[in-house]
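Asks: Chains as they are written, first to last, in my numbering: chain U, 1 to 481; chain F, 1 to 165; chain E, 1 to 463; chain G, 1 to 632; chain H, 1 to 106.
Keep in mind that the hints were calculated from the coordinates and are not lab data. Keep in mind that the hints are not guaranteed to be accurate.
[Claimed, not checked] Simulated pairs of lysine-lysine, DSS-like, Cα-Cα distance not exceeding 25 Å:
no.: 1; chain 1: E; residue 1: LYS342; chain 2: H; residue 2: LYS103
no.: 2; chain 1: E; residue 1: LYS342; chain 2: E; residue 2: LYS417
no.: 3; chain 1: U; residue 1: LYS422; chain 2: U; residue 2: LYS288
no.: 4; chain 1: U; residue 1: LYS422; chain 2: G; residue 2: LYS567
no.: 5; chain 1: G; residue 1: LYS601; chain 2: E; residue 2: LYS346
no.: 6; chain 1: F; residue 1: LYS85; chain 2: H; residue 2: LYS105
no.: 7; chain 1: U; residue 1: LYS422; chain 2: G; residue 2: LYS158
no.: 8; chain 1: G; residue 1: LYS535; chain 2: G; residue 2: LYS549
no.: 9; chain 1: G; residue 1: LYS582; chain 2: U; residue 2: LYS158
no.: 10; chain 1: E; residue 1: LYS358; chain 2: E; residue 2: LYS342
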Amino acid sequence: MMTILLLFFPLIASLAVLLGGSKLAAQLALGLAVVELAITGYAVSVFQASGPEAFYVFHSWIESPKVSFHLGLDGLSLIMVLLTNFLTPIIILSAFNRNTPHAAGYFSLILLMQFALVGVFMAMDGLLYYIFWELALIPIYFIALRWGGTNRVAITLKFFIYTLAGSLLMLFGFIMLYWYNPDQSFDIRELYRIYITDGNQSWLFWMFFLAFAIKIPIVPFHTWQADTYRESPTQGTMLLSGIMLKMGTYSLIRWLLPILPMGVAKWGPLAITLCVVGIVYASIIAIKQRNLKNLLAYSSLAHVGLIAAGIFALNIQGMQGSVVQMVAHGVNVVGLFFCADIIFNRTNTNETNELGGIRSLAPQFTTMFMVIVLGSVALPLTNGFIGEFLLLYGVYEYNTWLSVFAGLTIILGAVYMLRMFKKVMLGETGVRVPAFPDLYWNEKLALGILVIVIIAMGVYPKPIMDMAEPVLQTILNKTVI
Amino acid sequence: MSQLLFFTLSAMTILSALVVVFTRKPMYSVLSLIVCFFTIAGHYILLNAQFLAITHVIVYAGAIMVLFLFTVMLLNLNADSDVPKSGKLRIAATITAGMLFITLLASIKSTTLGEFAFPPASDKGLVQHVGQQLFTDYLLPFEISSILFLSAMIGAVVLAKKEKH
Amino acid sequence: MYTLIYTCCLGLLCLVAEILNLRKLLIPVILAGLAAIFCVNYMDWQHVGPIIIGGMDMAHMIQVDQFTVAFNGLLIGAAALLFTLSADFYKDEQHHLSDYLAILLFILCGAMVLTSFSNLIMLFLGIEIVSISLYIMAGSRKFDIRSNEAGFKYFLMGSFASAILLFGITLIYGSSGSFELSKISGFAASSGMNSPMFLVGALLMVAAFLFKVAAVPFHFWSPDVYEGSPSLVTTMMATLVKVSFFAAFYRLMSGGLLGIHDYTNDILVIVAAATMIVGNLIALSQENFKRLLAYSGISHAGYMLLAILSLKTDSSSALFFYGAAYVLATIGAFAVAIPVFKATGKETIDAFDGLGRKDPFLAAMLTMSMLSLAGIPPLAGFLGKYYIFSEAIKNGYAILTVLAVLASIVGVYYYFKVILAMYTKQGDDTEVKPTLLYTIVMLVCVGLSLLLGVWPGGLMGIL
Amino acid sequence: MTFLGLMIPLLPLMGFLVNGLLGKYLPKGSTGWIGSLSVLASFICVLMIFKDLGAAQAIQIDVFNWISFGNIDISFGLWIDSLTMVMLMVVTGVGFLIHLYSIGYMHGDEGFTRFFTYLNLFIFFMLLLVMGSNYLMMFIGWEGVGLCSYLLIGFWFKNEAYNDAAQKAFVMNRIGDLGFLLGMFFILFHFGTLDIQAVEGLAPGLSADSTLLIGITLLLFVGAIGKSAQLPLYTWLPDAMAGPTPVSALIHAATMVTAGIYMIVRSNVLFAMAPTTLTVILWIGVATSVFAAVIGLKQNDIKKVLAYSTVSQLGLMFAALGLGAFSSGVFHLVTHAFFKALLFLGAGSVIHALHGEQDIRNMGGLKKLIPVTYLTFILAALAISGFPLLSGFFSKDEILAHAFEQNKLVWIILFISSLLTAFYMFRLVFLTFFNSFRGTEETKHHIHESPWTMTLPLIILCVLSVIGGLIGLPYVFNVSHLLGTYLSAVTEPSASLIHHGEKLSHSLEIGLMTLAGLAAIGMILYARRKYITLKAIPEADSAITGIPKLIYHKFYVDEIYESWIVKPVFKMSEWFGTFFDKQVVDRVVNATAGVMESGGKTLRLFQTGNTGFYVFAMVIGMVVLFIIRLLI
Amino acid sequence: MEQAAHLVPLNWYLFLSTFLFCIGVMGVLFRRNAIIILMCIELMLNSVNLLLVAFSAYSGNSDGQVFVFFIMVVAAAEVAVGLALLISIYRNIGSTDIDVLNKLKW
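Could you build all of it, start to finish, from the sequences and the hints given here?
Replies: This is the structure in structure tokens:
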């Protein structure tokens, strides 16, 4: 019951906001999102008390191609849902007093997005999962299209078709699985059981991997990313980078590894190499990016590459790291893009060369920005460190040299992040940026929460890790033969 | 004997058919087509389908071709109104049709069917038999074809009726 | 069976109404009649018995099975929507109204024959009824040279195709000695493969059908005819007629030529591939909306051919579901497009410029329809595609399916061209005022698309 | 005692939080005192623990289970033993003095509060570093102090050069940190734990000098190189002088830069098991020591000179560790903390007096004007130069003795470097305080002695650097080596593993000491002759030529790094970003779309609109189908 | 003796009507005048009729002949509609040349 509520509340909320009219859309959306968050919190408490059993929902949905409406919340899903429902209110809050046009549509789309994302993380039936996966694409596309930047049209269309291309291949893969499954169905429990020959696994692997690789994205399938991030409205970018990317990494764990172990065994090495190369590649590119949002896009590309690498390392610390880092990266990147938005909101530019000397104008903002930056350069006692430590250790256990190479991200990350911070915030006051009002209440609140979470997670990550451990362990046992 | 008949008729049929295609004057085409139809009627008689032969002559020569003639005259088409296709296209057309013929033939030549003498010993072609069948087994199609006629009729009227713009 | 008869009667009723000059009542009466016919059709679902007319069993001419009933239901539904549109579409051609409506109803009759034939002669008559009526309707805008051209092109090529069809039928008759589907299938199963004449006949019939469903390389007529015909007729061709032809094709292949299935499939695979590629690629560079939908229709024909290919494992319900989704989406699209065309006087895509701002509701409706055509969940189009792909893969056409997947990615691009026009282009502010009937049709189509998308149980797998 | 142990790091943290969050609501100036007192409080805690913690005892405090995966648990734990105690005293003690000093020094700076916030944060992290019970805890402090040094070097953030220096420091540290991190991975993977004591316990089990051990220790040493500014990663330290002088004193002289020493001593067994690594450490230390000393000869910025001397002294300490004389290394660490902090503070006081003038060519004759500073400064200089019986004399000498025992060459080089030290220190002293003032008149007019908050720390530190030697008097004096015995609990396990050369005879040792002392004095006198009697003054930058120029420009190491590493990376970034990513990777993506588009445009042309052609196409199509069928 | 000459193989009819059919096709491809094309299509239909009759006569069941009736029906209907269309076109453009009909393309 609670699962159903958890899933459909955002949908109802989005309709309510749509009908509620633009005047109070933001407030209404925020309120409803907070309610959803509260429900999630309750779900977590129940989970802690009585484990995942309470959350499974199973109704048969379509008979002839057997598709079931099968939802579930194990530790992994719950963490992702928690992330989604935690970030959504923040994202909505970040849009306050920005007087967005057609606010009602805007916020209802955001909530619709939330609905789809929660669905993706909860679905335990292949086709159901796929439908949510596709569904998530539509609101974000329209958000970017209606409220995006100047040359959004071509870029968002490219993004849409590119990602759709990947996911259609995945659909094909799912259908293949359906027919390989002796008692034809998409139910994850059965998909985990079925036997598929090596040959089939190895090309099925690519069907799925491509879909996820484009979504995550893993170099060289990343070219849609930077442009889309730049052109989307900030909230869109936050949704994309904060939550939507995690769909890919989550799906790697949930839908790729356990179902196609031999495929992973065969192609995993190539995949992880791609990821690691991507990390360094993206980090290097990030150094010289002049547009703040572009730089953040590439940095996030590097981080997510590391997450994927940790997953393909196929050991518990890699998995744990990836989960922690998914959450951490979600929080950090949302914070970073929010900072970028705050800057843009006051100076109308995101070109690092046109910025500087903000620090003494807006000390509070500077401090919060600094903390978030530190989080994303993985300073100890911030959330980023836990993740990167585990991930790198995972990669190390997989292959020492790979980990050395991947470790460069620690150095390069510091380089481009601090460089950015220096160019944007430090330097002589009042030269390039004449005036810069400090944080408004909503910005202060949103960033404050993020900062607290960043440090709290860095100091005490245990709850998340404990929540994820059993699931990851079982998945690992299915994957590593 | 019957082979001879077959060959003569066939020769006439093909000849007139070719004339239909090749002559410049629409009028000639129409007339040679009528001839062609008559020879085909001859074939029907040979094949002991007398009733069909009659209907054929009435419907085609009598109705359809008249309709054609009528149109040709109405639009008074004559040789100079008819622009032939360019030589290249003509050759292309001939080759294509030839290829179709060859491929069809190549595909079916291996079939061996029986042979028979004229007139084949059967009264299937007689009017009462055909009528019998038409109104029992083929009642439904017969009725359905009325719909066809109806809509064709309406259509013809709607389209051909002169109206002020 | 009675559905067929009643539909004919309804058609006649129109003509009578013309005489009694009761044009006002026509549409409501027809809709009511269609509703009644729908119920009658639904009753057939329960008992699928022999059909007795005048004490004679017509089983060798017509057979009403669940396949028939299902497709008839779909056709009647589509017809109902179309007639709802026609009310306003023919507002200013009152003097021809009843003629047109009658012909449209006769097309429905022909379509019904196509879904139920069990004898090649019925097949032939059905095809001719539909085609000839369509020639007329396509050319019905007498003073519009484009309409004339469309009608005449369709007519010339159509009758050419009919001749080919007939030649095929003849050869099949010559080899199997009968026109009855049951006997033919018996022959096909027993000795079809070693009777060249039979095979050639089959190929010729297939070719003719490929023409009717506008598959490459027999597709050339469709873009021109779709563009030139009056929009309502285009809608009909794209939906009702296409689906009925596919039903007939399926019936012929499964009921008659199943024995030589492998022989024909090698051809169909090639054709399907070509159709999907050509249709989608050419559609990319279209400016005219109707032409765009024509090409998209070609590509959809390609997808539906996948269902024909995989009929060994009874893919009829996949075909049916796909057809339903496709019909709903297309009618929905045209329900929006027609008033827009009326308002702007253009039939090009830029007629939709700025619609998103002018009339968000219309824009939303068209967007939904386009998304459904593109096969994006949660709309019916997605499940339809999924269903057909699934069938094809089951029958081992994996490569072809991958091709179809890639093709449909290309498809997304041109469907989104329309959406982009509505939301991103700055259009002139001509007011678009769709009448109530149009609005109803849109709502019904989009609503059903959504419903089928989230609850397909209703239609999926009923066959 | 656990409580006290927890309070040690927590107090500065509280100070940080109070200043950071409430700073702007507190009365001006009070924040400085909050900062200082919090450190003082934790110093007191340290003393209390010291009082009743025996040399051999240790406290283990597990705060909570921090990270756990698989069967590995990493606790958020603290560990206090004798070595920790020594470090704690230095950090909190010297730390407090420098806090106190800063109150005066930073007075009136707009970032006054911010400064103390950062300073407290630094102390907190430094304490975590030295108290961490496992390597990951140490790493927290390790990176934390790096962060604080970044923040404090770039304290005056309006100056681009300072920001660059800060960033340089952080990044170079990060390079070392990567080594440290990988070292930890090795340890975690092969020992299954990161707990230092456990690792120290397990290490002897492995075969000595095995590749694994060498790998681990080398990687950890890379970390040390980064943090303690050894060759080749030393270049950030001189630049780090951009920060306020107290920062240089605290972070870049007394505490943070010695973290590397601490870490190696902390895991001395590990290192002792890997002689190869020790040799590497030894030579890097030696090289750094002399290299930096040479550069120091020609620097004219008062702080730069001190910076290079720090690098050189650190090199000396590493040399000691390389010789396996861990306690000697710590000894020098402590004494160095005293006099180098003092030197920096003194320099700060000078700069304070001259309103920011740092070039010694514009100083001179200050001894009358700022007597306290002068007095303390010269004593510190004597100490560092190894003037007999001052703290530096003993500590440095102990190391030299060890060197003599094991490797004469090392001894010679270190001896030379200590002579150089003596010379450039007194070059500095004489140029700064003697002769007549070379600056402008009105600067001279404003020169005044610093307030008591600044001078008091000077005096205290001065005392310490004079008597500091007492904690480590050599055996020849027939007194026990206090520090050595105190640390023995820590260094004992490794002692057996190190092979020392045969012990020096007392006579020889005394001989060496006198030699060193006399040499130091000799150098001082030489410097005196050159800079006081002959009144030599370093020539202007442009006039410098030949070898001196080379030295003056620090052997162009920075430039080499710039053009061989930094520039190429940036170039690559540019190229990847603007060309490769856009023109190659993305081009491929767009090309596919383009192909579709053009394909459509071409296919479209077949739709000629001519019915005849359409029929042609149909017939040909049919023919083709037939042919296909006939062929297959 | 003359029995042989009495016999006509069915294949001959097959070939004959195939040939006729192809002549019809050629005509359609060959001419531009819509009316002639129409007539050629009629020719194709008639070749089919002939073959049907031959088959039915040979196999002795008259379905073929009945079918011919329906073909005639359809042919008539087609011609009627076709010519009607032709006339309305002729009214508009004053020509029966199909190559003129190319407003709709691409």
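Asks: Would the pair E/LYS358 and E/LYS342 pass a check requiring their Cα atoms to be no farther apart than 25 Å?
Replies: It holds: about 15 Å lies between the C-alpha atoms, which stays within 25 Å.
Asks: For the pair supplied as a hint, G/LYS535 and G/LYS549, confirm whether the alpha-carbon distance does not exceed 25 Å.
Replies: OK: G/LYS535 and G/LYS549 at ~21 Å, within 25 Å.
Asks: Checking one constraint from the list: CA of E/LYS342 to CA of E/LYS417, max 25 Å. Satisfied?
Replies: Holds. E/LYS342 to E/LYS417 sits at ~21 Å (cutoff 25 Å).
Asks: Could you grab the alpha-carbon distance between F/LYS85 and H/LYS105 and see if it respects the 25 Å cut-off?
Replies: 20 Å, holds
Asks: For the pair we were handed, G/LYS601 and E/LYS346, check the Cα-Cα distance against 25 Å.
Replies: Satisfied, since the Cα-Cα distance of roughly 22 Å is no more than 25 Å.
Asks: Are the Cα positions of E/LYS342 and H/LYS103 separated by 25 Å at most?
Replies: Distance of about 21 Å is within 25 Å: holds.
Asks: What's the verdict on G/LYS582 and U/LYS158, does the C-alpha distance respect the 25 Å limit or exceed it?
Replies: Since the Cα atoms of G/LYS582 and U/LYS158 sit roughly 14 Å apart, the hinted pair holds (cutoff 25 Å).
Asks: Hint check: U/LYS422 vs G/LYS158, CA-CA at most 25 Å. Holds or violated?
Replies: 10 Å, holds
Asks: Check whether the Cα positions of U/LYS422 and U/LYS288 lie no farther apart than 25 Å.
Replies: 13 Å, holds
Asks: U/LYS422 and G/LYS567: Cα distance at most 25 Å?
Replies: 18 Å, holds
The structure shown violates none of the earlier numbered hints.
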